[in-house]
Every structure is written in structure tokens, then in C-alpha cells.
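Asks: The chain contents come next:
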Amino acid sequence: DSGVTQTPKHLITATGQRVTLRCSPRSGDLSVYWYQQSLDQGLQFLIQYYNGEERAKGNILERFSAQQFPDLHSELNLSSLELGDSALYFCASSVGLVAGGETQYFGPGTRLLVL
Amino acid sequence: AQKVTQAQTEISVVEKEDVTLDCVYETRDTTYYLFWYKQPPSGELVFLIRRNSFDEQNEISGRYSWNFQKSTSSFNFTITASQVVDSAVYFCALSAVNFGNEKLTFGTGTRLTIIP
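So the sequence lines, in the order shown, correspond to chains A and B. Oh and the first sequence: position 57 is 57 in the numbering used here, straight run, nothing missing. Oh and the second sequence: position 71 is 71 in the numbering used here, straight run, nothing missing.
To be clear, the hints were calculated from the coordinates, so they are not data collected in a lab. There may be inaccurate statements among the hints.
As the list claims (entries may be wrong) - Mimicking DSS-like on lysine-lysine, the simulated pairs with C-alpha atoms at most 25 angstroms apart in a straight line are:
1) K70/B - K38/B
2) K57/A - K3/B
3) K38/B - K9/A
No experiment lies behind these values; they were computed from the predicted model shown.
Please model the complete structure; the sequences and the hints are all you need to start from.
Replies: Here you go:
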């Protein structure tokens with residue numbers, strides 16, 4: 001158990017819908033990262049937050065957004081869902097004391113299926 | 001740009017055999033970190049090891065060992081006396097050390113199957 005929690009574990013929804021994925025980082029970790037794992041793209045970095053502020057952006061679609069709240073939990077919002085958004089979405093956290101190189105601990109993931 | 005290549009897509013070995021998973025990376029940074037993660041069939045990503053670019057000492061942890069060679073930009077992972085529980089997808093990853101670019105860049109993974 002990494003100490004990172006993600007809910008829900010599974011999500012089935014229809015095209016055009018909007019969903020919210022939730023992540024709670026390990027106790028004491030300030031940085032939260034979101035990754036998408038799909039068969040065709042592999043593991044791709046989406047976005048990073050540090051202590052409530054966006055710190056880095058990767059290949060995140062405009063239909064996707066995220067935020068980190070004062071209690072440090074983070075939410076990833078996916079809207080106007082398409083079939084191709086079906087994937088495993090991981091949240092990871094790290095201490096956040098230095099700029100890069102820290103071990104990122106991953107949550108169990110949310111498996112999203114868009115029908 | 002950073003890149004991680006895991007050329008071996010799938011490997012199958014018989015239990016108790018040794019197996020090496022290859023990882024080659026590209027980066028322009030002089031300071032960076034390399035990682036290995038394991039993804040068992042249950043789907044979670046489990047951290048195995050972190051190594052910084054200044055430490056080329058090989059590391060051994062039980063049946064696991066890692067060989068870091070800066071000269072060939074490789075960070076290979078060997079499992080000795082493999083067991084069925086080692087069956088998983090293994091990912092090599094790279095992280096830069098600079099503000100705003102702290103993401104992990106992953107390889108495509110190697111699916112390891114241990115045959116009983």
C-alpha cells in the first residue's frame with residue numbers, strides 16, 4: 001500500500017459525459033501528479049500540482065482539468081468524454097521538497113470506461 | 001527531450017531462471033534520476049528503485065539487482081532465481097531535476113511472464 005488513495009476504482013460512463021476522479025496523496029506529500037495509461041499511448045504525464053498550485057503540464061487535453069485543494073487532495077475532471085478517453089488514470093504523490101527526482105508513489109488507479 | 005526505451009516488449013522464462021530487463025534512456029540533463037516500477041496484474045504501480053545520475057554503483061536487493069552504466073545510458077534490471085510472483089509489467093522511468101519538469105517519462109514497459 002503506497003498510502004495514495006484514489007476513488008472511484010472503476011467508472012463506466014457514456015460519451016459526452018463528465019466525470020471527476022479523486023486522489024488523496026500520502027500524508028505530508030505536497031506534490032500530486034496525474035498520469036494516463038492507455039494501450040496506444042502508454043503511461044503519459046498529464047499535470048502536476050504543488051501545494052495547491054499548478055506546477056507542470058503535460059499532454060493534457062483541454063477537455064480535462066484538475067485542481068488541488070487546501071487539504072492537498074486533488075481532483076481530475078474529464079468532460080465531453082470520448083471513447084478514446086477510456087484508460088487507467090493514476091495519481092501519484094511526492095514530498096515536493098526539491099524540483100524533480102523525488103520518488104513518486106502511485107495510487108491504485110481509476111479505470112475509466114467510456115461507452 | 002527525454003526518452004526511455006525498453007526494447008523488450010515481452011519476455012517469458014521458466015521459474016528459477018535469471019532474467020534481465022533492459023532500459024536505455026536519453027536526456028540532455030546532467031542531473032537526473034532513474035526509476036523502476038512494477039505493475040502486477042492487479043494494476044497498481046509499485047516503486048522498486050530510484051537511482052541518481054551521479055551514483056553508478058550497482059545495487060542489489062534480495063533477488064533484484066540493477067546495473068547503471070552512464071557510458072551506455074542504460075539502467076538494466078536483473079531478477080535472479082525468478083518466481084511466479086515476479087510476473088508483471090516492468091517500467092523504467094526517467095525524471096529531470098528542474099522546476100516545472102518533474103514528471104516521470106516512462107518506457108513502454110516489458111511484460112515478464114514466469115512459467116511455473
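Asks: Each of the hints needs a verdict: does it hold here or not?
Replies: Against the structure, the hints:
no. : hint          : verdict
1   : K70/B - K38/B : 23 angstroms, holds
2   : K57/A - K3/B  : 17 angstroms, holds
3   : K38/B - K9/A  : 19 angstroms, holds
In summary, this structure violates none of the numbered hints.
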